[in-house]
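Novice: Here are the chains, one letter per residue:
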Amino acid sequence: MKKKWLVMGLSLVWLLGLAASSALADETMDKIEKSGVIKLGFREGSIPFAFVDPKVGKHVGFSVDMAGLLAENLGKRFGKEIKIEPFTVTPKTRIPMVMNGTIDIEMGSTTYTQKREEQTDFSLIFFFSETTFLVAKDSGVKTLQDLSGKRVGAARGTTNLKAIEDLAAKGEFKPKEIIVTETHPQGMLALKSGKIEAYSTDRSLLEGLRMKDQEPDKWMTCPFAIAYEPYAYILREGNSDFRDFVNNTILWAIKTGKFFELYEKWMGPKGLVPIPMSKAYKDYLEMIVYPIEDEWWKK
Amino acid sequence: MGLAYNFDWGVLWRQPYGTWLLQGIWLTLKIGFLGWIIALFTGIVIGTLRVTPWRWLRFLAAAYTEVFRNIPFLVQLFFWYYAGPMIFGQYLGRQINQITGLNFYVAIFALGLYTASRVAEHMRAGFASIGRDQYQAVLSTGMTHAQMYRHVIIPYALRIIIPPLTTEFLTIFKNSSIAMTIGVAEITFMSYRIDADTFHGLEATTGAMAIYLLLGLTVVKLMNMLEARFKIPGLIGR
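Chains as they are written, first to last, in the numbering used here: chain B, 7 to 305; chain C, 4 to 241.
Don't read these hints as lab results, they were simulated from the structure.
Just so we're clear, the structure is a prediction, and the values are computed from it rather than from any experiment.
For every residue, glycine included, the Cβ atom is placed at its ideal position computed from N, Cα and C.
Please note that a few of the clues may not be correct.
So, partial list: chain C residues that the calculated Cβ filter (under 8 Å) puts toward chain B [said to hold, decoys possible]:
id : residue
1  : 85
2  : 97
3  : 100
4  : 101
5  : 103
6  : 184
7  : 186
8  : 195
9  : 199
10 : 201
11 : 202
These stretches of chain B come out as covered by chain C in the derived footprint (C-beta under 8 Å, 3 or more residues) [to be verified]:
id : stretch
12 : 119 to 128
13 : 156 to 169
14 : 176 to 190
15 : 195 to 202
My request is simple: use the sequences and hints to build the entire structure.
Specialist: Listed below in structure tokens is the structure:
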């Protein structure tokens, strides 16, 4: 009789140990469960993905709504409310802040590159933006070659600037000068004051700049793209459970149609920055969804 | 967790990064020296006007000094680059905006004018340290006011203020890094550019620090040589 209890007791200890060791597999998931808080990095002016709405003084946008879904799913996993603690990040701080643990994940509009992948981990790609130019409607720019001999601008440290520099170095077009600005609004100012004739960044951000201008109809984004930029969320390296959870959140949102609802809300025809969803992008989204079951968030 | 960072000092000389840094150094040197020429010349003129017997000139020089030294250089730079051309009206402003390399010229001009206000103040201090007797002695030889300043007082004051001018000369190279904010590709700009390209910002920034330090030490050495040559025995130096 005593022996039976001992065996049962030992098995219980073993089982508990197993549960504990599997829970310890991922530092980030562990930390979120213990603290009930997920630390999120958002951009301040990445319209419409993550930006501060001056009316409410809070971060809003497509990626911020996705963060809401993530917190909701995490809540279901741990059986308690998971709160979002928002942090503001800049292009310069977003990767170091994830790496040093200040934030668990950055959800904004970060371009996924191999060099960045060497330093951190990334979620699945959730959006594709095109690098193009904002020009005056009456400028008659139809192809990249039309920008030869003109002054073009881009913000310092962006992949857009790099794309222009690379194309100019390869001789695919010959800009008269490449002007580097500090921020996108300064780029817009340079464009309006005639310092440059074309300003480059992601099409979604250019449309955002255009809509904010006093005369939105004076400007247009070019009908071509010089580079495609896949957007993904930044995570810390070596936390694969958390990464799976983020990816499943994206996939589940696509499967349930929530993703498309959010897209409509921010980038649909009536959204803040209308960007028509291309067929290729829609196909991509539908094709990446692997068989995923309801209640996947359960352990 | 920890900071998973792999140091790679090769970004300081590997291509194209090595060339970027060299180009940055060249631009910093150009902005610093050209800015310094403007600063020294304008500063001497403004500083001298502050002690002339003519009230209106004194007022103008004082106004210049206060405007330029009380506004942060970053703000001045933005103003000259983005708003400056508009002063000349719609048409001329547009022409100015289309000058190739405008940001570079604006940086030199803005840095020179800003530093001039500080040089002017040192000049004033230099003049004040010259005794009344000296002025009277010069005038009694029959020189006019202009001649007095040109041949005696200004050279004399300049020799006295060499130590604070050394600091200003150093500061102009350090302040030139702010030109980065209007897209001038000097050293700091290039180190950030390397960071954006390689994510090895720590190495790039350390490299920039070493370059500035070396540049500064060279300036100090040069100015010390000047000081040894031109100091007024008994007034500065022993």
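Novice: Taking the hints in turn, state whether each one holds.
Specialist: To see whether the hints hold, each was checked on the structure:
Annotation: residue 85/C was flagged as interfacial toward chain B, and the flag holds, the nearest CB pair being 6 Å apart, inside 8 Å. Hint status for residue 97/C: holds, given a least beta-carbon distance of 5 Å to chain B, under 8 Å. Taking 8 Å as the C-beta contact cut-off toward chain B, the hint placing residue 100/C at the interface holds, the least distance being around 5 Å. A distance limit of 8 Å between C-beta atoms decides the matter here; for residue 101/C the minimum to chain B is near 7 Å, and the interface restraint holds.
For residue 103/C, the interface hint holds, the least distance from its beta-carbon to any beta-carbon of chain B being 5 Å, beneath 8 Å. The criterion of a C-beta within 8 Å of any C-beta in chain B is met by residue 184/C, whose closest approach is roughly 5 Å, and the hint holds. At its closest, the beta carbon of residue 186/C sits 3 Å from a beta carbon of chain B; the interface hint therefore holds under the 8 Å criterion. At a threshold of 8 Å, the smallest CB-CB gap from residue 195/C to chain B is about 6 Å, leaving the interface hint in force.
Interface restraint check: residue 199/C against chain B, minimum CB-CB distance 4 Å, threshold 8 Å, status holds. For the restraint placing residue 201/C at the interface with chain B, the shortest Cβ-Cβ distance is roughly 7 Å, inside the 8 Å limit, so the hint holds. A distance limit of 8 Å between C-beta atoms decides the matter here; for residue 202/C the minimum to chain B is near 5 Å, and the interface restraint holds. Three residues within the 8 Å Cβ limit are the bar, and the stretch 119 to 128 of chain B against chain C gives 4, so the coverage statement holds.
Counting residues of the stretch 156 to 169 of chain B whose beta carbon lies closer than 8 Å to any beta carbon of chain C gives 5, which reaches the threshold of three, so the coverage claim holds. A count of 6 residues in the stretch 176 to 190 of chain B with a Cβ less than 8 Å from any Cβ of chain C is obtained; the coverage claim is therefore met, three being the minimum. By the rule of at least three residues with a Cβ nearer than 8 Å to a Cβ of chain C, the coverage given for the stretch 195 to 202 of chain B holds, with 5 such residues.
Figure legend: structure checked against the earlier numbered hints; every hint is met.
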